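Visitor: Below are the chains, spelled out letter by letter.
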Amino acid sequence: MTSKQIDRIATAVLWLAGILIIALLGWFLIRILGDGLPQLSWKFITSKPQEISAGGGVGPQLFNSFYILFLSLLLSLPIGMGAGIYLAVYAKKNGFTDLIRISVEALSSVPSIVFGLFGYLLFANLFGWKFSILGGACTLALLNLPVLVRVTEEGIRAVPASYWEASLALGSTKWQAIRKVLVPAALPTIITGITLTSGRALGESAILIYTAGLSVSRMFPDFNPMKIGETLSVHLWYVQSEALVPDAKQIAQGSAALLLIVVLVFNLLIGIPSRILQKRLTGGK
Amino acid sequence: MNSYVDKLDEKSASGRAAWKPSRWMNMQNKADATMRYVFIISAALVAAVIFSIIVFVGMQGVKTFAGVSPWEFFFSTDWTPSAGKFGAFPFLFSTVVLTLLSVVFALPLALAGAIFTAKIAPNWMREILRPATDLFVGIPSVVYGLIGLTVIVPFIGKVVKGTGYGILPAAIILAIMIMPTILSISEDAIRSLPGRLEEASLALGATRWQTIWKVLLPAARPGILTAVILGMGRAMGETMAVFMVIGNSPQMPKSLISSTTVLTTAIVKDMGNTNYGSTWNNALFLMALLLLVISLLLILIIRVVARRSELK
Numbered sequence: 001m002t003s004k005q006i007d008r009i010a011t012a013v014l015w016l017a018g019i020l021i022i023a024l025l026g027w028f029l030i031r032i033l034g035d036g037l038p039q040l041s042w043k044f045i046t047s048k049p050q051e052i053s054a055g056g057g058v059g060p061q062l063f064n065s066f067y068i069l070f071l072s073l074l075l076s077l078p079i080g081m082g083a084g085i086y087l088a089v090y091a092k093k094n095g096f097t098d099l100i101r102i103s104v105e106a107l108s109s110v111p112s113i114v115f116g117l118f119g120y121l122l123f124a125n126l127f128g129w130k131f132s133i134l135g136g137a138c139t140l141a142l143l144n145l146p147v148l149v150r151v152t153e154e155g156i157r158a159v160p161a162s163y164w165e166a167s168l169a170l171g172s173t174k175w176q177a178i179r180k181v182l183v184p185a186a187l188p189t190i191i192t193g194i195t196l197t198s199g200r201a202l203g204e205s206a207i208l209i210y211t212a213g214l215s216v217s218r219m220f221p222d223f224n225p226m227k228i229g230e231t232l233s234v235h236l237w238y239v240q241s242e243a244l245v246p247d248a249k250q251i252a253q254g255s256a257a258l259l260l261i262v263v264l265v266f267n268l269l270i271g272i273p274s275r276i277l278q279k280r281l282t283g284g285k
Numbered sequence: 001m002n003s004y005v006d007k008l009d010e011k012s013a014s015g016r017a018a019w020k021p022s023r024w025m026n027m028q029n030k031a032d033a034t035m036r037y038v039f040i041i042s043a044a045l046v047a048a049v050i051f052s053i054i055v056f057v058g059m060q061g062v063k064t065f066a067g068v069s070p071w072e073f074f075f076s077t078d079w080t081p082s083a084g085k086f087g088a089f090p091f092l093f094s095t096v097v098l099t100l101l102s103v104v105f106a107l108p109l110a111l112a113g114a115i116f117t118a119k120i121a122p123n124w125m126r127e128i129l130r131p132a133t134d135l136f137v138g139i140p141s142v143v144y145g146l147i148g149l150t151v152i153v154p155f156i157g158k159v160v161k162g163t164g165y166g167i168l169p170a171a172i173i174l175a176i177m178i179m180p181t182i183l184s185i186s187e188d189a190i191r192s193l194p195g196r197l198e199e200a201s202l203a204l205g206a207t208r209w210q211t212i213w214k215v216l217l218p219a220a221r222p223g224i225l226t227a228v229i230l231g232m233g234r235a236m237g238e239t240m241a242v243f244m245v246i247g248n249s250p251q252m253p254k255s256l257i258s259s260t261t262v263l264t265t266a267i268v269k270d271m272g273n274t275n276y277g278s279t280w281n282n283a284l285f286l287m288a289l290l291l292l293v294i295s296l297l298l299i300l301i302i303r304v305v306a307r308r309s310e311l312k
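These protein sequences, in sequence, are chains W and G.
At position 72 of the first sequence the residue is numbered 72 (UniProt numbering), and the sequence of numbers has no breaks.
At position 152 of the second sequence the residue is numbered 152 (UniProt numbering), and the sequence of numbers has no breaks.
You may find that some hints are simply not true.
[Stated by the list, open to error] When the alpha-carbon atoms are kept at most 25 Å apart in a straight line, the in silico DSS-like pairs for lysine-lysine are as follows:
no.: 1; chain 1: W; residue 1: Lys227; chain 2: G; residue 2: Lys269
no.: 2; chain 1: W; residue 1: Lys130; chain 2: G; residue 2: Lys63
no.: 3; chain 1: W; residue 1: Lys249; chain 2: G; residue 2: Lys158
no.: 4; chain 1: W; residue 1: Lys4; chain 2: G; residue 2: Lys119
no.: 5; chain 1: G; residue 1: Lys269; chain 2: W; residue 2: Lys4
no.: 6; chain 1: G; residue 1: Lys269; chain 2: W; residue 2: Lys249
no.: 7; chain 1: W; residue 1: Lys249; chain 2: W; residue 2: Lys43
no.: 8; chain 1: G; residue 1: Lys161; chain 2: W; residue 2: Lys249
Don't read these hints as lab results, they were simulated from the structure.
Computed from a predicted model, the values in this text were never measured in an experiment.
If we strip away everything but chain W, and leave its shape as in the complex, we get (with noise of 0.2 Å):
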């Protein structure tokens, strides 16, 4: 065989790599729409669940989802983007900037579960509050945390030094360049990163099942932070493993295709305001 020939076969397989990705996510998204679709309906979606009875509903899990997401950015994002302020702005080269570098990298690499553990140990019994949505929401922001950190060092990074320059030589103090040239300018990379997380976020489980609980207020919608709430992803992983309902197979389903349309819209509908602000903002690049 001449090298041509290998040149020639290596290429078609390379392709057939790069064709059969697409046609496994393809069969991947067939698969669960095509069996979760079915059990949507709006009763579904905005029905309470049932413990031993089929026909139960997955509005309070739904709910929970976001508002535990809400809470989570709530709490990570004003330390996410301080943190990456500072490692964008103010680090200099010395231990503590290591420190903090390490500590970002390491925080990313925690598997989930022992996120999860760690809140239970710290949330759930030291503070003494049991399972609950706040609970979650806060060991969920740890999970956020170096995300958010590192999509703002480098949204901000990746600002023209001149922008910096010229905001300081009209005069203004670092915190007002900060707040109203660098941030702005760095705006559409930060949001993606927050959109990226809250996709993550919502999908997460192992982290909530031991902060969050396994089981929902009695009253939908709850706000209050200190009651127990399951998700939506949790809720997915209970019916198809410890629940009695006999129709679990149905409610997992639905409430895969949920989570994945939910998913869907946040990887591909949220990430075209940021796409469009940053092409009026570069000229379009």
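Given chain W, work out where chain G should sit, using these hints.
Guide: Chain G only, in chain W's frame:
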């Protein structure tokens, strides 16, 4: 990596005029000084979080050794908490086997995909592949688990005439989950190679495949290694998808398709049945500590790899 402040300090030291600032400016300066501390404190908090995780989980985990000897925990295969037997060796063993197997499954497709996306795919194909890879990462692990449970487990069960639960379906699911991670980092590594490597190789008359195989892949090895290690970390720490397909019997796996338990799923399975403070409960924290230590070690290895490739 020079920060803005470094550059600024050199310039501003000489040029500070002596005039009286207005009250508004005083306020701005005060806010500036306060915010500087706010940023430093938020950065310090991030470090505090990881340290408190290590300390809290570590302290709780080490308490296990009050009831069980380290020898028994790490090397005994008997996990019968009701009888006071806490041998976690099967979990450790299955975790290692599962992690390695999933990387072996994922690597060929991930590397081929990375090479394809970086060097061969036309633009339109790349425009499809990139978001597809992102979407793979975005799919929640419970959804992967459900696919494993409803498709892969029954399929394996039919082929081998058994239940179908075990390390094999878990490794297949994990391979799909870590494939995009390995793919995108390897792709970055291949694309960030200097163009002269490829040009020189092609100019010498090598075909595209020879260039990829003999020049680009060896040169991108540190990046690919980093990708593989990150993939391993993700495979090892994955919980829910594995839980749904591995069977969860606390025993040594007799084969790749016999029910067993890994560290992460052991924690999820038993946490609900145990009381806080009992030896059983502490043992679960010790497993979490193990996972934490291994993932920190992996990060350390990545740093060493990165530093060594920088030196070259």
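Visitor: In ascending order, which of the hints set out earlier in this document are inconsistent with the structure?
Guide: Failing hint: just 5.
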